[in-house]
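Number of protein chains: 2
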Amino acid sequence: MTDSTKTTENNNVANANSSAMASTRRGILGGVGFGLAATALAACGESNNAAAKDDVQAPAVVRKKRTLTMVTTWPKGLPGLFTAAQRLAARTKELTEGELDIKVYGAGELSPALQAFDDVASGAADMYHGAEYYWQSKSKAFNFFTAVPMGMTANEIMGWIDFGGGQELWEELSGQYGVIAFQGANTGQQMGGWFRKEVNTLEDFKGLKMRIPGLGGQVIRELGGAAETLAGGEIYQALQTGQIDATEWIGPWNDLALGFYQQAEYYYGPGFHEPGSSLSCGMNRKVWDSLTPRQQQAVRVACNEANHLSLGEFTYNNSISLQTLTQEHNVKLRTFSPEVLNRIDEISKDVRAQAGSGGGLEKKIYESFEKALSANALWGSVADGPFLNSRSKG
Amino acid sequence: MTDSTKTTENNNVANANSSAMASTRRGILGGVGFGLAATALAACGESNNAAAKDDVQAPAVVRKKRTLTMVTTWPKGLPGLFTAAQRLAARTKELTEGELDIKVYGAGELSPALQAFDDVASGAADMYHGAEYYWQSKSKAFNFFTAVPMGMTANEIMGWIDFGGGQELWEELSGQYGVIAFQGANTGQQMGGWFRKEVNTLEDFKGLKMRIPGLGGQVIRELGGAAETLAGGEIYQALQTGQIDATEWIGPWNDLALGFYQQAEYYYGPGFHEPGSSLSCGMNRKVWDSLTPRQQQAVRVACNEANHLSLGEFTYNNSISLQTLTQEHNVKLRTFSPEVLNRIDEISKDVRAQAGSGGGLEKKIYESFEKALSANALWGSVADGPFLNSRSKG
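These protein sequences, in sequence, are chains A and B. Quick note: the working numbering has the first sequence finishing at residue 394, numbered continuously throughout. Quick note: the working numbering has the second sequence finishing at residue 788, numbered continuously throughout.
Chain A extracted, bound-state conformation (with noise of 0.2 angstroms):
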């Protein structure tokens, strides 16, 4: 990198600057003021603030608290989901000073996890965290607001959202039912599952008996085998008695609570179907606009601040914790051979494809999205992914 100490200012600098200003405005802040937010104002005594060293005194500020509910799609307590979640709230309240304070329920409490975006829509709930595929039944669209299979990695999906025109589109998409969702954390790539036998060729997967929902459970079926959808909390019990022959989950981190492990030894990477899950918060739009500019602009910045430490969370977790299924509980790590893997990014640009193939909105996603990930590609090919796989594992 640099260490100049010179100034480098020349035409190509000036312009790439200007450029990259203009759609950070446009990309990132959306619809919330840039400059100093407006409060109710109101002139007040001298402040008793022996830190405040400088002599211009700014107007006093009344506080007006609020109380806002959020549903969320994960199970109370859950790691990382749940807890980030409760992240966000806290330093909504902190950033406004206890003006909102947004009270979390797991799913179940007050809505159905694939209730939340309706809750909100209709205003029973204010906002929600949750994974924007699990709205897909309204449209197959929203999927690519979390993940697609050999998609983006949480980097890239970072990037196309809050610069290459995501969150416009998001925001149009979502406006549709009365919503408007922001990134609010990230899990990083994710695992392609727990396996009870090896999967070595295309045959393997023949009559599979796999638990995997939504666009990754349409690939599976491309291969011959059988997807299923179980809840959470019916996985263990079902490779156990061999309902299923294999599941996936997320990533090491919570995998290894629920103890999958001793069920099925064989657990493969990569998690084509999600390569870098961003997660959501939404909330109902009439209470977006309700809200005065400083507080939509703590609710976004809490939100940022929750997927940068989300993302960060999450890779140290899973990388501890796949340590320890492998050195503590003997678990066979394993890489879906090339074979399998080119045959899986053959079926799953069908697969993007036909989630883009709705209305004009869809599509219009789904060419955005794609015409980004072509650029990823190129980019992860000769940077990150040459990277990983030369360094030596300790």
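These aren't lab readings, by the way, just hints derived from the structure by calculation.
If you only want the chain B side, here are some residues facing chain A, beta carbon under 7 angstroms, derived: (1) 702; (2) 770; (3) 778; (4) 786.
All C-beta atoms in this analysis are idealised placements derived from N, C-alpha and C, irrespective of residue type, glycine included.
Chain A is fixed; fit chain B onto it per the hints.
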């Protein structure tokens, strides 16, 4: 992932959760109180804020303004780096409602780039935005908080610093100089560099004159090359005149702007020497201690957000710029051969060990880093690595 509609609270989940929350409090929030920050309070009259619908009213807050000086190691206007510092400053001002007004200066405006740390330590400036490895003449352990050869990717260093004990060690190291620092941007994976001729074998590195500073330069020297240190503005001409045969800089986004493709047609990945450079926001410790808890929190949140946005911004712009380089400028994209990468990996272990061979704290930092890296390496080799290598390019 989950589509559970049930709670899965068993002992494992509950334990993992409480441990995650504990590490969050310890790891991220550091000295900043997690509760509502104490600020100067004064009772005041009714708010006229129509948006606040609840009835409870908090006391009014009086704001005092304070101007802070931030020196940077970046050429003024440099996209991605100087602009990240500007974004962080703007957000801090917004979050403190104008209390903290951070003035950002380019390298050389107030302090020469490499003097930024000293000027903040002495109190000549309040803050810096830069890269910790620029302070390696004080302690080689600073390298671990930016990037080291064959070290951590962006997501991995985010995990180590916030969840693996890195932040505490960093504060211990910086504290020796009266400075405290946080993550404040990340470039993601960089590129290995621009070469006038192909480098296929180890033999091709013998006698190679390459512009590559710091620990990356040590690796090139071990390979038999001559590593040189040149400021960013001097590289183009050095390539043109044949003073150097090769150069690294940052990645496609920034490299495109400087036009290196006009002088060297082979562009090699990955950035073995900087696989995900974490950039930092530092502050004079006395200035930090004089901030209110709420102001400290605003700086921390703005740093976290800047890191999040920066990583997405680099990923997106590097991807698009690499397409431009290959499609419009006929750049020949190459990956270092397994022979070369394996040797670099061996050398890098020694280079990292040397960087961690100082006193007791240096050793502690090195050992903590290597422990996390070892876990990261296993995870990356089964997750993002094979994924990025098997995804088709367009």
